[in-house]
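Visitor: The residues making up each chain are set out below.
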Amino acid sequence: MGWLRRLDRRWIFLSMLLAVAIPQLTQARVPEKPTPLVMAVFDKIESLPDGSLVLISFDYGPSAQGELAPMATALMRHCCLKRHKLVLMTLWPDGKPLVERAINQVLVDEFADFGFKYGVDYVNLGYKPGKEVVIKTIANSFRTEFPTDDGDRKLDDLPLTADLTSLADMDLLVSISAGFPGLKEWVQYASSPLKIPLAVGATAVQAPQAYPYIPGQLLGILAAIKGAAEYEVALGEVYPKYSEPKMQDGVRRMAPQLWAHLLIIGLIVLGNIAAFSERFERPRP
Amino acid sequence: MNREKRIWGILFVLAGCFLLYRAMLTRDGMGKVYLKPAAAAVADAPPSYVRARPDDPQAALSLPRTLGIWFAAFLTLSIFSFLYKDNPFYRFAEAVMVGVSAAYLMVAGFWDGIVPKLLGRLAPAQMSWASPSLENQSPDWWGLVPLVMSAMLLARLLPRGGWIARWPLAFIVGTYAGIRLISFLDADFVSQIRNTIVPLVVMNQAGQLDLWGSVRNVLMIVGVLSSLAYFYFSLDHKGAYGVVARVGVWYLMITFGASFAFTVMGRIALFASRLEFLFDDWLWLIDPLGKRSDLL
Numbered sequence: 001m002g003w004l005r006r007l008d009r010r011w012i013f014l015s016m017l018l019a020v021a022i023p024q025l026t027q028a029r030v031p032e033k034p035t036p037l038v039m040a041v042f043d044k045i046e047s048l049p050d051g052s053l054v055l056i057s058f059d060y061g062p063s064a065q066g067e068l069a070p071m072a073t074a075l076m077r078h079c080c081l082k083r084h085k086l087v088l089m090t091l092w093p094d095g096k097p098l099v100e101r102a103i104n105q106v107l108v109d110e111f112a113d114f115g116f117k118y119g120v121d122y123v124n125l126g127y128k129p130g131k132e133v134v135i136k137t138i139a140n141s142f143r144t145e146f147p148t149d150d151g152d153r154k155l156d157d158l159p160l161t162a163d164l165t166s167l168a169d170m171d172l173l174v175s176i177s178a179g180f181p182g183l184k185e186w187v188q189y190a191s192s193p194l195k196i197p198l199a200v201g202a203t204a205v206q207a208p209q210a211y212p213y214i215p216g217q218l219l220g221i222l223a224a225i226k227g228a229a230e231y232e233v234a235l236g237e238v239y240p241k242y243s244e245p246k247m248q249d250g251v252r253r254m255a256p257q258l259w260a261h262l263l264i265i266g267l268i269v270l271g272n273i274a275a276f277s278e279r280f281e282r283p284r285p
Numbered sequence: 001m002n003r004e005k006r007i008w009g010i011l012f013v014l015a016g017c018f019l020l021y022r023a024m025l026t027r028d029g030m031g032k033v034y035l036k037p038a039a040a041a042v043a044d045a046p047p048s049y050v051r052a053r054p055d056d057p058q059a060a061l062s063l064p065r066t067l068g069i070w071f072a073a074f075l076t077l078s079i080f081s082f083l084y085k086d087n088p089f090y091r092f093a094e095a096v097m098v099g100v101s102a103a104y105l106m107v108a109g110f111w112d113g114i115v116p117k118l119l120g121r122l123a124p125a126q127m128s129w130a131s132p133s134l135e136n137q138s139p140d141w142w143g144l145v146p147l148v149m150s151a152m153l154l155a156r157l158l159p160r161g162g163w164i165a166r167w168p169l170a171f172i173v174g175t176y177a178g179i180r181l182i183s184f185l186d187a188d189f190v191s192q193i194r195n196t197i198v199p200l201v202v203m204n205q206a207g208q209l210d211l212w213g214s215v216r217n218v219l220m221i222v223g224v225l226s227s228l229a230y231f232y233f234s235l236d237h238k239g240a241y242g243v244v245a246r247v248g249v250w251y252l253m254i255t256f257g258a259s260f261a262f263t264v265m266g267r268i269a270l271f272a273s274r275l276e277f278l279f280d281d282w283l284w285l286i287d288p289l290g291k292r293s294d295l296l
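Order-wise, the sequence lines are chains P and R. Numbering of the first sequence is given in this note's numbering, commencing with residue 1 and proceeding in unit increments. Numbering of the second sequence is given in this note's numbering, commencing with residue 1 and proceeding in unit increments.
Just chain P, same shape as in the assembly (with noise of 0.2 Å):
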């Protein structure tokens, strides 16, 4: 096994650039069910009367898109098919234009023939500084930190803020998120203090904080590039148009997932023979 030892580390990132890359050459899909977790924050939107207000804080940089943008997407035409009303914001300085991405995409480009309205069906009040200060500030009053939208127009001038007074006014609150400030703030300061349902998206690296806050302070959780996934597949079984392929990036994303997980557990399995048989091969004193 010596030469194991010896191994050079860049054939294990070459065999796992083959790992990822050839699933996503070759289209690859692996079936997905959805968890409970998940089916939670859909069952909340589906049952949701039409029309409701939600607001999605879009928590993340550029960074995490690879992660975070599949759920954020499937979140967004989930509101849109209810005809739920949209109030879009983010607490990270780099979201703004992230924000303003997924509106082009889903609200303005993919649901055109639903003609919704912004100011009516759906408002950007873009970045805010102050991290977790702007949530409890807007759990007391909006126009405080917002007095306008993003384009600087004024709250009480669209017909969906005109009468938005805090946070307590909202159906539902959606933190899709990558760090600080984030879910943990969302529901420190939001769901917690005024028990408004939260339901957040989180990257795989800040998942596991939010499991102790289900179900007593969240909903439920999409957990990584799987939470979204699963959250794509369950919006496929109601929406059927939802299930085309072209529709489900997180679904596509989850193939070469598999194929690395088992390439890492085999480099694990690997990695023990190696360090046991060189316990075993050592002249014992």
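These are computed hints drawn from the structure, not numbers from a lab. Beta carbons: idealized from backbone N, C-alpha and C, even for Gly. Check before you lean on any hint, since a few could be wrong.
Result set (DSSO-like, lysine-lysine): computed pairs, CA atoms no more than 27 Å apart in a straight line [stated by the list, open to error]:
{"hint": "1", "chain 1": "P", "residue 1": "96", "chain 2": "R", "residue 2": "117"}
{"hint": "2", "chain 1": "P", "residue 1": "96", "chain 2": "P", "residue 2": "82"}
{"hint": "3", "chain 1": "P", "residue 1": "131", "chain 2": "P", "residue 2": "154"}
{"hint": "4", "chain 1": "R", "residue 1": "36", "chain 2": "P", "residue 2": "241"}
{"hint": "5", "chain 1": "R", "residue 1": "117", "chain 2": "P", "residue 2": "136"}
{"hint": "6", "chain 1": "P", "residue 1": "241", "chain 2": "R", "residue 2": "85"}
Covered stretches of chain P (in silico footprint by chain R; criterion: 3 or more residues with CB under 8 Å from a CB of chain R, positions within the stretch not fixed) [to be verified]:
{"hint": "7", "region": "19-29"}
{"hint": "8", "region": "102-108"}
Not close to chain P: a few residues of chain R, all C-beta gaps over 12 Å, as computed [unchecked claim]:
{"hint": "9", "residue": "67"}
{"hint": "10", "residue": "105"}
{"hint": "11", "residue": "179"}
{"hint": "12", "residue": "203"}
{"hint": "13", "residue": "264"}
{"hint": "14", "residue": "271"}
Mind docking chain R on chain P? Use the hints.
Guide: Only chain R this time, still in chain P's reference frame:
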């Protein structure tokens, strides 16, 4: 020229030939971005554009975004090249990343923070060119308080009088501690204890035993108590108490394992998304979104 350089030279030439072939000699090429005007969401908003299929009658080739795709592909490959070994391409990409991030945060902080929260409050009429909603607003002189405190913070840089910075710092620390303390007590202490007070024997709505619900709750209670026992160091971890602490260690190990597995999943997801960008947006080898499927 040593063997390694020769191999890399051959690989670079082959990759260059492949790119030239894809870009120049195939019918549709690669790495181009077509845009079409998006339906105007707001009457007074600047025009926005969305990605379009090349055969869309409204589509036009976007040179800036096409260059952006090629530059992004170059930066992605430069960052990946570090896996082989440190090199000037990686350092260039790293420097660009740090510089652009710092500049972006500074600009965002100025226009989204200082302009509306300070300048807009103190001199709304003068700042209405940047934010028309400030017109007809009267100055809010409370904005002087953060201005003065910010200036006091900068006193730390002075050769003498650094103590002046302690006052605003004390204010920030005190306020922040007050805000955080309440929320932690409520959300992470009281509510977490409440979440742990659950029945050990769960009955379903029909009045029958919910076996898995009961097992789940028992495992959770055992996990919480044994993990807490491990962190209680006033008693020796011996005998029955040592066994409970040992169970706590197992729970902690399983938790760390799950966190590590989650981290692996996250990193692979990011890697997969960058490869998808290279294969789809840049090389046009795959078309998962059907952006040009019938053209290839």
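Visitor: Next step is simple, just say for each hint if it's right about the structure.
Guide: The hints, checked one at a time:
1. Distance restraint check for residue 96 (chain P) and residue 117 (chain R): the Cα-Cα separation of roughly 18 Å lies within the 27 Å cut-off, and the hinted pair is therefore satisfied.
2. Proposed proximity of residue 96 (chain P) and residue 82 (chain P) is supported: the alpha carbons are some 25 Å apart, at most 27 Å.
3. Taking the CA atoms of residue 131 (chain P) and residue 154 (chain P), the gap is about 22 Å. The hint holds against a cut of 27 Å.
4. This hinted pair checks out: residue 36 (chain R) and residue 241 (chain P) have alpha carbons roughly 24 Å apart, not beyond 27 Å.
5. With a C-alpha separation of about 17 Å, the suggested pairing of residue 117 (chain R) with residue 136 (chain P) holds against the 27 Å cut-off.
6. Taken as a hint, the residue 241 (chain P) and residue 85 (chain R) pair is broken in the structure, with Cα atoms around 46 Å apart against an allowance of 27 Å.
7. For the region 19-29 of chain P, the assignment as covered by chain R holds, since 5 residues bring a beta-carbon within under 8 Å of that chain's beta-carbons and 3 suffice.
8. For the region 102-108 of chain P, the assignment as covered by chain R holds, since 5 residues bring a beta-carbon within under 8 Å of that chain's beta-carbons and 3 suffice.
9. Chain P leaves residue 67 (chain R) outside its interface by the beta-carbon criterion, the shortest separation being 18 Å against a cut-off of 12 Å.
10. With a minimum CB-CB distance of about 6 Å to chain P, residue 105 (chain R) fails to clear the 12 Å threshold, and the non-interface call is violated.
11. Its closest Cβ contact with chain P, about 7 Å, brings residue 179 (chain R) to no more than 12 Å, contrary to its assignment away from the interface.
12. With a cut of 12 Å on Cβ distances, residue 203 (chain R) stays outside the contact zone with chain P, its closest approach being about 18 Å.
13. At the 12 Å boundary, the C-beta of residue 264 (chain R) falls inside the reach of chain P, the nearest C-beta of that chain being 6 Å off.
14. The non-interface label for residue 271 (chain R) is inconsistent with chain P: the shortest C-beta to C-beta separation is roughly 6 Å, within 12 Å.
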